[in-house]
Amino acid sequence: MTGPLRRFRALPLRSRLALLVTTAVAVAVAAVAAACWFVTKAQLEQQLDDSLRSAKVENGPLADLLKACLSDGRLPAQEFPGQYTVQIVSSNGTYCPAPNSTPVPAQPSDIAVAAGLRRETLHTTKNDDGKEMRVYTRKLPGIVGVADNQLAVSVARPLSEIDAPLSTLAWMLAIVSGIGVVGAGAAGLWVARSGLRPVDELTETVEHVARTEDLTVRIPVDGEDEIARLSRSFNSMAASLATSRDRQAQLIADAGHELRTPLTSLRTNVELLARSDETGRAIPPDDRKALMSSVKAQMTELASLIGDLQELARPDATQPGPLQVVALHDITRTALERARLRGPELTITAELAPWYVRAEPAALERAVVNVLDNAVKFSPPRATIDVVLHRGELTVRDHGPGIPADELPHVFERFWRSPSARQLPGSGLGLSIVARTVQQAGGETALLPADDGDGTVATIRLPGAPQPPPDAPLG
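Quick note on full-length UniProt numbering: the sequence shown kicks off at 1 and runs consecutively.
Be careful, since some hints might not be right.
[Stated by the list, open to error] Subject to a maximum C-alpha distance of 25 Å in a straight line, what follows is the list of computed DMTMM-like cross-link-like pairs (lysine to aspartate or glutamate):
(1) Lys139 to Asp163
(2) Lys296 to Asp277
(3) Lys289 to Asp277
(4) Lys377 to Glu351
(5) Lys289 to Glu345
(6) Lys289 to Asp163
(7) Lys296 to Glu278
Don't read these hints as lab results, they were simulated from the structure.
Make the full structure from the sequences, and use the hints.
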């Protein structure tokens with residue numbers, strides 16, 4: 001059984017569908033044909049039995065037959081008309097057929113009727129010529145001038161009367177069934193080809209994409225059936241893959257562009273130091289100190305850029321790290337300490353109300369640090385930065401130059417930097433990391449101009465509660 005099943009599964013889908021349709025139709029046709037044949041057979045047998053029960057055996061010929069049988073054939077007997085075979089059966093097992101009739105051996109049920117043990121019997125047996133006969137036996141009615149000596153009369157008809165029509169019907173059903181199965185096979189093959197044509201188109205498109213890596217190909221969608229749903233899903237998948245590839249290419253291009261500037265500066269500074277050593281001409285101490293400071297600054301910028309790139313290398317579609325219940329006010333307080341170290345000349349005020357959220361602790365802290373670093377970077381000397389956390393909304397307001405309205409839609413894009421800020425350190429990835437981290441925690445971010453003067457207001461909204469959930473471990 002395993003071999004045929006394996007061979008069946010090895011067939012093309014179109015062939016399997018056609019074979020299944022043909023098999024199903026063949027089974028259905030065979031079942032209907034068999035049912036038709038058996039029903040017809042039962043009806044013909046019932047009609048034959050009814051004709052035997054209602055057969056009118058004339059009293060005169062029956063009396064002559066009885067007299068001839070009692071006289072051991074010395075007295076003549078008349079022939080019975082029609083297709084009936086009539087004979088007298090005695091309770092001692094003897095039987096006497098009518099003239100020109102082939103005897104039918106008496107059966108025990110016939111003898112029991114003659115003996116008065118049964119009223120009638122109906123059975124199938126063979127005559128002396130070996131022909132199948134349907135026999136009906138009943139008690140011999142009283143005949144004038146003849147004494148009842150425990151006798152019965154049997155009336156029989158050959159079963160060939162119904163076998164011939166049944167044989168003809170069987171041949172007709174076989175021919176019709178064969179035509180039906182062949183037609184069903186052709187129809188099944190046509191249906192399989194028509195139904196699988198969209199699948200063939202999908203297969204060709206997938207093979208084309210795999211061969212050429214052309215993700216712009218789309219499958220025409222027509223209808224609302226399963227094939228249409230599959231086509232829509234493929235088109236959506238291809239569009240997502242194309243977008244992902246474009247974003248990956250853009251990320252690589254942007255990263256290469258951003259890395260080129262600090263690497264060029266590092267190369268220039270290192271070449272100056274190497275040329276000084278090779279020529280033996282010492283660089284003045286102040287210039288050498290400035291040169292080393294530049295190298296350190298470029299190394300710091302490279303390290304920051306590489307860290308940001310590693311953070312963004314995690315696909316947007318993947319799940320973030322394990323979420324924990326964290327105290328947003330504590331994370332903000334830690335980030336404020338780092339911000340004060342980077343801007344010691346600035347005044348940073350903080351009003352932090354308790355607020356607990358579910359997030360990845362390290363990623364959330366990095367996001368808050370990036371927002372505060374952004375405020376420190378763009379604040380003028382001795383300026384004030386106001387930080388407020390109230391019911392899950394963290395606002396960081398600086399008093400810097402602000403962001404032009406036409407640049408606000410781009411602030412959360414990767415590697416985007418305002419033209420006025422290109423001379424400042426940074427990679428243009430900080431706010432992009434903030435947006436993704438907050439989105440993964442179920443929150444929202446915004447960067448808007450301050451309503452009451454110069455500066456910018458950065459807002460982070462995160463769902464949570466002022467109290468931690470019971471028995472929830474804090475991250």
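Against the structure, the hints come out as follows:
The straight-line distance between the Cα atoms of lysine 139 and aspartate 163 is roughly 29 Å, outside the 25 Å bound, and the hint therefore fails. Distance hint between lysine 296 and aspartate 277 is fulfilled; the C-alpha atoms sit about 19 Å from each other, no more than 25 Å. Distance restraint check for lysine 289 and aspartate 277: the Cα-Cα separation of roughly 15 Å lies within the 25 Å cut-off, and the hinted pair is therefore satisfied. With a C-alpha separation of about 21 Å, the suggested pairing of lysine 377 with glutamate 351 holds against the 25 Å cut-off.
At most 25 Å may separate the alpha-carbon atoms for a hinted pair to count; lysine 289 and glutamate 345 meet this at roughly 24 Å. At roughly 120 Å between alpha-carbon atoms, lysine 289 and aspartate 163 are farther apart than 25 Å, so this suggested pair is violated. With a CA separation close to 22 Å, the supplied pair lysine 296 and glutamate 278 stays within the 25 Å bound.
Figure legend: structure checked against the earlier numbered hints; hints not met, in rising order: 1 and 6.
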